[in-house]
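The primary structure of each chain is shown beneath.
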Amino acid sequence: MMVDLRINGTVRSAELEPRKTLLDALREDFLLNGTHAGCEHGVCGACTVLLDGEPVRSCLLFAVQADGYEITTIEGLAPAPGELSVIQDAFCETHGLQCGYCTPGMILAAHALLQQTVTPTREEIVEAISANICRCTGYGQIVEAVQFAADRLRIANTPRALLSPGGSK
Amino acid sequence: MKPAPFDYVRPDSLAEACKLLAGDDDARVIAGGQTLVPMLAMRLARPARLVDILRLPELAGIRKDSDSVVVGATTRQAQAERDPVIRASVPMLARVLPWVGHPPTRNRGTIGGSIANADPSAEIPLVAVTLGAEIVLATTAGPAAMPADEFFVGPMVTSINQGECVSAIRFPVWTHQRIGVGFFEVSARKSDFAFVAAAAQVALDEEERCLDVALGLGGVGDRPLRLDVSSLVGTRLDAKSAAQAVHAASVDLDAASDLHASASYRRRVATTLCLRALEQARADAAVRPALGAR
Amino acid sequence: MSADPASFRFVSTNRRVREDRRFVAGHGLFVADVALEGMLHVAVLPSQHPAARIVSIDASAALAMPGVHYVLTGDELAAATDPLMNGLDTPRVKRHPLAVGQTRYAGEWVAAVVADSRALAEDAAEKIDVSYQPLPFVLNAEEALKPDSPPVHPEHGSNVLLDRTFVWGEVDKHFAECPRHLSFRVTWGRSSTVPIETFGVAASWDPWREMLDVWASIQMPKYPDQIARALRIPANGVRVHQDVDVGGSYGVKRGIKQTVLVAHLARRLGRPVRLIEDRLDNMAGGDAHGPDRIFDVEVAFDDDGIVKSMKMKALDNAGAYAGRAPFQLGKPIGAIVGPYRIESVQYRAQSVTTNKAVQEAVRGFGQAPTNYAIETAIDKVAAATGLPRIEVRRRNFIRSEQFPYLIPSGSTYDSGDYHTVVDKVLAHIDLDAMEKERDRLRATGLLAGIGVAACLEPSGANSAFEPLLNEKNTTTTWMDSCRIVVDGLGCVTVTIHNTSSGQGHETLVSTVVGEVLQVDPDLIRVVRPDSLACLPSNSPVGSRMAIMLGGAAFHAAQKLKAKLTRIGAHQFGLGEDKVVYASGGVADPAGNRQLGWAELVNIAHRHYHLLPEGMEPGLETTHVMQVPTGGTLPKDGRVQMYPCHSFEFHVVLMAIDPVIGKPEIRRYVIGHDCGTVITPHIVRGMTLGGIAHGLGAALLEEFVYNDEGQLITQSFMDYLLPSAHEVPAVEIVHHCTPSPFTVFGQKGSGESGYLGAPAAISGAINDCVAPLGISFNKLPIRIAAIGDAIAKAQQPNQGQAT
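Protein sequences appear in the order of chains A, B and C. First residue of the first sequence? That's 1 in this note's numbering, and the numbers climb one at a time after it. First residue of the second sequence? That's 1 in this note's numbering, and the numbers climb one at a time after it. First residue of the third sequence? That's 1 in this note's numbering, and the numbers climb one at a time after it.
Here chain A stands alone, though its shape is the one from the complex (with noise of 0.2 Å):
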């Protein structure tokens, strides 16, 4: 059946099975590669994607349920060809992730987080990236990357006379 999703703000329309899930759409009909297959029954988080802001796995959602949400893939966040996201930064700057095949989906789990929460606590990040699992990391530096952007985040977006309350730096 015909299937219109809005994907990174453009709506993007295909042809398909209705047995197809959001991530094989995502994949194979609108070549978006940064979504990736790891379980395939809901349990990995390797295929988050963002719907409404919130994250889901897109391997238990058909992407004939899909239509009517605004969906965000990681292809969604880097502002520029070329260029990062505080948070893609962040993961780059702790060496959050090895291999990178769940880190896409890490990066949105916490992207989501950072959009509710200024200063996450580490229970809420481990929380908040709990449903994705890392074989590489051990976790421990992805915990820092999101704490360092949500420091990057918060100091960007505080006006300067509150960061120094001298106002002279």
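Just so you know, these hints were derived from the structure itself, not from any lab. Please read these numbers as outputs of a predicted model, since none were measured by experiment. Warning: the hint list may mix true and false statements.
In silico BS3-like pairs for lysine-lysine, Cα to Cα no more than 27 Å straight-line [to be verified]:
1. C:K778 x C:K662
2. C:K222 x C:K94
3. C:K222 x C:K472
4. C:K94 x C:K146
5. B:K240 x C:K662
6. B:K190 x C:K173
7. C:K472 x C:K662
8. C:K792 x C:K778
9. C:K436 x C:K222
10. C:K222 x B:K240
11. C:K173 x C:K635
12. B:K190 x C:K662
Just a sample of chain A residues kept apart from chain C, beta carbon distances all over 10 Å, derived [stated by the list, open to error]:
13. S13
14. Y69
15. E70
16. E75
17. F91
18. I107
19. Q116
20. T119
21. P120
22. R135
23. I155
24. T158
25. L162
What follows is a set of in silico ranges between Cβ atoms, one per label pair, in the way DEER data are often shown [what the hints assert, rightly or not]:
26. C:R606 x A:R122: 54 to 64 Å
27. B:K64 x C:P66: 38 to 48 Å
28. C:Q710 x B:L253: 46 to 56 Å
29. B:L211 x A:V118: 40 to 50 Å
30. B:T235 x C:A770: 53 to 63 Å
31. B:P289 x C:A729: 30 to 40 Å
32. B:R82 x C:A6: 32 to 42 Å
33. A:G9 x C:D522: 52 to 62 Å
34. C:E142 x B:R82: 53 to 63 Å
Glycine included, each C-beta is placed from N, C-alpha and C at the ideal position.
Starting from the structure of chain A, add chains B and C where the hints point.
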């Protein structure tokens, strides 16, 4: 791991959904899909048609009646977790929701879907049975309802008939001034299904005497169980009374055995978690604001 | 070059990992991202039986379905290809990608369907009608050893693949001399590395060029050679594209059977063909399980806790086919005494076939299970002598002044300072304070305990275990290579000749080449040519790339630097020893003359008339590196295994609610010495990730077969990988003892964490429950098993080992 082919329909009304379901033995309801889709992917379920009820307006929303809160079947678990009415009036549900799957599955998974899936270790069915909730069904003949403990029949088996779907869950609201809840579960990882889960709700008077008590167990047998600990009414929920009541209520407990936990483990831990949940509920009631202030 | 960190510009500094940029943007190139024109998709049909004769296969209904192109069976494939290689000399244990005549484990692939989409291929696979005649089967390794057990390969004569006893030193004498002995059994449950990306491979065949192109999620030494051999085509007709990013491997991505299957289909059908395992394919039939091992250990020691001799029997359940599984019993011979001065060892290595899935190399190649056994022995010696566990370790450690230290099995350990690492860790944690915290936890009604484990990470892999266990194998090199090209505009491009699965090889070589040439590593391009343009590599196995690829890059860069120096010196009319190379230029300090990078490049590329006589124009150097200390065949059952030996020391504070039984890690500290660290971010990540992986093996992960021979932990709902909730924050205490055998003093770190964490976590749990008189001797240690054992021990007159 791709599902077998199926047709997909998204009816415009609940009546139409029931009609579709009644007319097709191979049709199945899909809402959030968080438990159904893995079954489809592994071809453990292979309906010929999926009837998507997620966007039906009749199934949405959380409504407070005089003595109950009615939660529409398609209410997302994440939405219920944040909902002020549920927090104030069905605190046990609010208490367990963070233990249901993990954040991304709660963003899609629905309250009604968890009920209809009837996993014996799932938290939402446990709350429904413990509190004596009513499962509201949509049928071709109109709405129907049945108590939760009649709805759950066995592992992934319910009393629901083809042509019916869960439309809402009516959770009773305790009107006592001071109530408290307790909940504990043991699982391999935080988001995994519980080997054992225990939920308790108590109401206390000003002298901290028990006015009412509800205690339930999940994960132990083939469906959630409510334990009869009514002998605790009138006590101060002291450790000795609680132990007597819990032991009496759980003496004939049937427990499952599997790779993750033996039956004796489940029975032993069930008793302990029941006592801890009761104690936590008692302590919670002692500090929770009275109903009028919630 | 000096290993003095103060002299480094780039090595050991906190630089970003260059690979990360593409991955955070979702722009890695994984095998599932390779879409070829006209590509077809494969689904496989698994056997439902642990052992059965295949009576017939009827694929007519599948072939009649629209969009279905082909159904391949084992008979056709076996006729067209040669069996896959065995590590040992066991020619009658034949292994083919699809079962031939008989299935040997539940999940083994019986047929492959090719269709327009994977979904269609799965639809068709359901329609294949296979008639089976069930056969007797064996799952348990001790059962499989018995002569009357059902033979997995009747032609082989028995289930025994390997049964070899080594005696290094005067074991009997030492046992007779020692006043105290103890013996025990520990079991390492079958788990694996389970990368989040399954294995996948795409292949296309060009009949006009006679070329097989392969894209794969691979981490496999000599992969193109093995493909060519199995397909009976020339190796220069196999082109493996090494620029495919691998979504995690940690040893197991060796998909040779998948590759032969897909390559045959691509040739047969004249279309590109792809197989991406789904999770069920991968877990049950992807042939990527890990060691499954029973250790029987006996040690001889004295009242001071000094361990003089050890007898170890390791019985490994290899699964249905041999592969390289038996070698995972051989590699630990290179560190069979761990970090201890055990003077003599008797080691019996037994490997048997059973009706379980096939093993593949897992992080450490057998070392993690062996370390678990050794560390358990040290804990038991401490318990027997009443000495503190850390003290017993200190007393037995090789001392820093004893290096290089020859262990009884023939390997020389390069360097180490184990006592100092332990001192630093103990200072960091404040052991007294940790013991007080343990006592405080106990006072609240919890069981609490401290686990300690020391272990070695042999690194810089060569394959010395191959000739040691298989006389017909006389391989004595396991080289790796690097090529550096400076183009006419002066830009540096380095080629490396293997795939990467998260180890950061591009960062490694750019850092090393930048360090030697004194140019900015971020300006160096690193590429991976296809295999036909590659120099020899043995892939990133055995914690080898910092040593071997880093070493090759270093030597290639030194050659380039020497050439630039010669060119510069020639312009000044001086000998090479009279000029100075600095920051890419060459200077004559006496004459105050200098030539910069651009001028030297210009001469090399355009001014033949200015080059020293006989010098090749252009700027290109290569280096093929032999493994340090490698190169000799085994003698008398002894061999130098790996060149370098990293050290780690774990301390874990654990608490257990006695009713629930759930082990909760309250603090985790690791002391880590891998010599000179080239990229700190990478080493840290490997260490933390290895600990998480080890935690999984210790507590959560196991491939469990039921009595009917069915795998019951086939999905991620039952095979439990640690999530962020389960992995504690880990504190790392660094120490650096440089290796004398490597260019910067570096050692390996890819297996660190995984090698010691299972022993440390198991030790912590056992310390928690020691007051009850019980212990756990099998991994993984499940919550309910702990709860049940505690409950049993707390009943009057109960309590013993579980």
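Here is how each hint holds up against the structure:
| no. | hint | in the structure |
| --- | --- | --- |
| 1 | C:K778 x C:K662 | holds (16 Å) |
| 2 | C:K222 x C:K94 | holds (20 Å) |
| 3 | C:K222 x C:K472 | holds (18 Å) |
| 4 | C:K94 x C:K146 | holds (21 Å) |
| 5 | B:K240 x C:K662 | holds (26 Å) |
| 6 | B:K190 x C:K173 | violated (53 Å) |
| 7 | C:K472 x C:K662 | violated (49 Å) |
| 8 | C:K792 x C:K778 | holds (17 Å) |
| 9 | C:K436 x C:K222 | violated (54 Å) |
| 10 | C:K222 x B:K240 | violated (70 Å) |
| 11 | C:K173 x C:K635 | holds (22 Å) |
| 12 | B:K190 x C:K662 | holds (11 Å) |
| 13 | S13 | holds (19 Å) |
| 14 | Y69 | holds (19 Å) |
| 15 | E70 | holds (18 Å) |
| 16 | E75 | violated (6 Å) |
| 17 | F91 | violated (5 Å) |
| 18 | I107 | violated (6 Å) |
| 19 | Q116 | holds (17 Å) |
| 20 | T119 | holds (18 Å) |
| 21 | P120 | holds (13 Å) |
| 22 | R135 | violated (5 Å) |
| 23 | I155 | holds (20 Å) |
| 24 | T158 | holds (25 Å) |
| 25 | L162 | holds (30 Å) |
| 26 | C:R606 x A:R122: 54 to 64 Å | holds (59 Å) |
| 27 | B:K64 x C:P66: 38 to 48 Å | violated (55 Å) |
| 28 | C:Q710 x B:L253: 46 to 56 Å | violated (29 Å) |
| 29 | B:L211 x A:V118: 40 to 50 Å | holds (42 Å) |
| 30 | B:T235 x C:A770: 53 to 63 Å | violated (40 Å) |
| 31 | B:P289 x C:A729: 30 to 40 Å | holds (35 Å) |
| 32 | B:R82 x C:A6: 32 to 42 Å | violated (55 Å) |
| 33 | A:G9 x C:D522: 52 to 62 Å | violated (32 Å) |
| 34 | C:E142 x B:R82: 53 to 63 Å | holds (55 Å) |
Consistency with the previously given hints fails for numbers 6, 7, 9, 10, 16, 17, 18, 22, 27, 28, 30, 32 and 33, ordered from lowest to highest.
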